[in-house]
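**Q** Chain B: place on chain A using the hints.
In order, the protein sequence lines correspond to chains A and B.
Numbering follows the numbering used here, in which position 245 of the first sequence is assigned residue number 943; successive positions increment by one, without gaps.
Numbering follows the numbering used here, in which position 262 of the second sequence is assigned residue number 960; successive positions increment by one, without gaps.
Hint data in this document are derived by calculation from the structure and do not stem from the laboratory.
The model shown is predicted, which means the values in this text are computed figures rather than measured ones.
Honestly, I wouldn't trust all of these hints.
So the derived label-pair ranges between C-beta atoms look like this [claimed, not checked]:
1) B/Leu978 / A/Gln766: 58 to 66 Å
2) A/Ser924 / B/Thr980: 20 to 28 Å
3) A/Arg713 / B/His804: 43 to 51 Å
4) B/Ala927 / A/Arg713: 17 to 25 Å
Note that beta-carbon positions come from the ideal geometry of N, C-alpha and C, so glycine has one too.
Number of protein chains: 2
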Amino acid sequence: MKCKQCEKKAVIRLRAHHISLCREDFLAFVLNRVQRTIDKYKIFVPGERVLVAVSGGKDSLALFDILQRLGYAVEGLHIDMGIDGFSQRARNVVEDFLAKRDAPLHLHALGEEAGAGVPEIASQLQRPPCSLCGMMRRYVMNRFAREKGFTALATGHNLDDEGATLLGNVTSWQIGYLARQSPLLPSTHPKLVTKAKPLALLAEREVLAYCLLRGIEFHEEQCPHSKGATSRNHKEVLNLLEYYSPGSKIRFYQEFLKNQRIFSAIESHALQECSVCGSLTTRETCQFCTVLGKLRGSSRAASDRIGASKG
Amino acid sequence: MKCKQCEKKAVIRLRAHHISLCREDFLAFVLNRVQRTIDKYKIFVPGERVLVAVSGGKDSLALFDILQRLGYAVEGLHIDMGIDGFSQRARNVVEDFLAKRDAPLHLHALGEEAGAGVPEIASQLQRPPCSLCGMMRRYVMNRFAREKGFTALATGHNLDDEGATLLGNVTSWQIGYLARQSPLLPSTHPKLVTKAKPLALLAEREVLAYCLLRGIEFHEEQCPHSKGATSRNHKEVLNLLEYYSPGSKIRFYQEFLKNQRIFSAIESHALQECSVCGSLTTRETCQFCTVLGKLRGSSRAASDRIGASKG
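Just chain A, with the same shape it has in the complex (with noise of 0.2 Å):
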């Protein structure tokens, strides 16, 4: 198997793009498919502070170093989310890998401000653990990048996360989130920093093979809460469509992307201010202030049922 640039021996073979690659080429052609996604969905304007999402996993540690590779000036947020010993593991890949790096990371503890993590507030809550863990997230991550003057906040999506998020969407016909998928989610309002998935053409096999290959050391362990995501599940259907097919998926999600205007033509969600906290929502109070607010309520009365029983 011989690289198709330069006929050295390839280390990869993409059977969705008909080429095989040695180590160097590959590298090239992940930090260039990369900048061609930033600016085919005009991601970034040059000169933008971009601030990144590092959960510490291979997606958005790649992301990280592939943005910082192709001149971006990036810093780095980290939420711990306080599930048991995996956010502590999480936290510290996080900050090893970033110390070599010359770029800020800041981080947010849940816990300092929920007074718990995702599995003690899911449980008090009795809600799903993986529902509430994204809602937080995306919740403390816009509020972060606005509140330190970020214009684009970039996760780490990959290929397979949004075609499977598309798969669920389009196998249900969610025509308003059909409408709104895409790399680039442009602020709406001065409240909503802009989302960018840089690496969205990126398959997470590449991903993989770019930590790797160049040497990143990442954190591996799957979250305890994910077994049985629907996500795991639609990935693994659209991995045996891939088999069949080679180049469905990517295919799957461009030219969704081209014909996404046929979905444009939809109602919006109203926004407004969220009575506690002033960030947007489309309820008088958004869900992560509502999840405080039950949080706070639930340990007031158990402390109210100890101080009754002890009195």
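**A** Okay, now just chain B, sitting in the frame of chain A:
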């Protein structure tokens, strides 16, 4: 496992519908579902003569049986595609099935018209047999129905067939095809017969169970040329989705139908009459006549070569 309707012992569990049913109630469920499909999509006009395309497989025989039980005046059309022993065995099954029913069977042999069956035509013209077979069957069915004064042609496409087609159209975002896929394709021209798929909301597994429980002897053989067909792969992909989330298939298809108007704002191809047979086509000569023409040309050239070598 008890029947949801009558508490007798259930014979089948329908996870997508959250029910288990006994034999009698399952057979009634199937009839009811087909009648609801016919009503919902206004598939047949009361008293309409319906031509059912009967290949001999489970779907077409179940369709014939169900439509007859629902009181429709059905007649069968079987096209012998000239595939080695496969077609002969299919024809025997269809003749046995129709002999027991008070309904006419029309037979058409492609070999008599074209001078060869699908495999020879495919190899002579170096074309893939499956698309050729589909094109020629559709042509003969439409022509036959039109010439014999039928206003509707019913085929046994089930939910898995429709889902696989939809998945193919969605993964490559074929907007034109998405605009047209439906349990009912109304006639848009006097030369085009209305096409109906009354089993479109019944899963393949449900149709199979119907045949087994009703004692319908169908042609079980897979066509020797269908191996590796894209539709089979798409069915497997959908089955994986269904396994993870029961009800996915029917939701995918029904929600699509609800939202299909989104795709309808598309260009339609201009239709003209074929210069040879007068049927409708987007080209000067329709595909069927093009194939027959090439076939005759190549056999004439072959006999010329034989004549020349003899002379």
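**Q** Taking the CB of B/Leu978 and the CB of A/Gln766, does the distance hold inside 58 to 66 Å?
**A** 60 Å, holds
**Q** Take a look at whether the Cβ-Cβ distance between B/Ala927 and A/Arg713 falls inside 17 to 25 Å.
**A** About 20 Å separates the Cβ atoms of B/Ala927 and A/Arg713, which means 17 to 25 Å holds.
**Q** If you check the beta carbons of A/Ser924 and B/Thr980, does the distance land in 20 to 28 Å?
**A** Since the Cβ atoms of A/Ser924 and B/Thr980 sit about 49 Å apart, the hinted range of 20 to 28 Å is violated.
**Q** Could you tell me whether the CB distance from A/Arg713 to B/His804 stays inside 43 to 51 Å?
**A** 47 Å, holds
Going down the numbered hints, you'll see the structure goes against just number 2.
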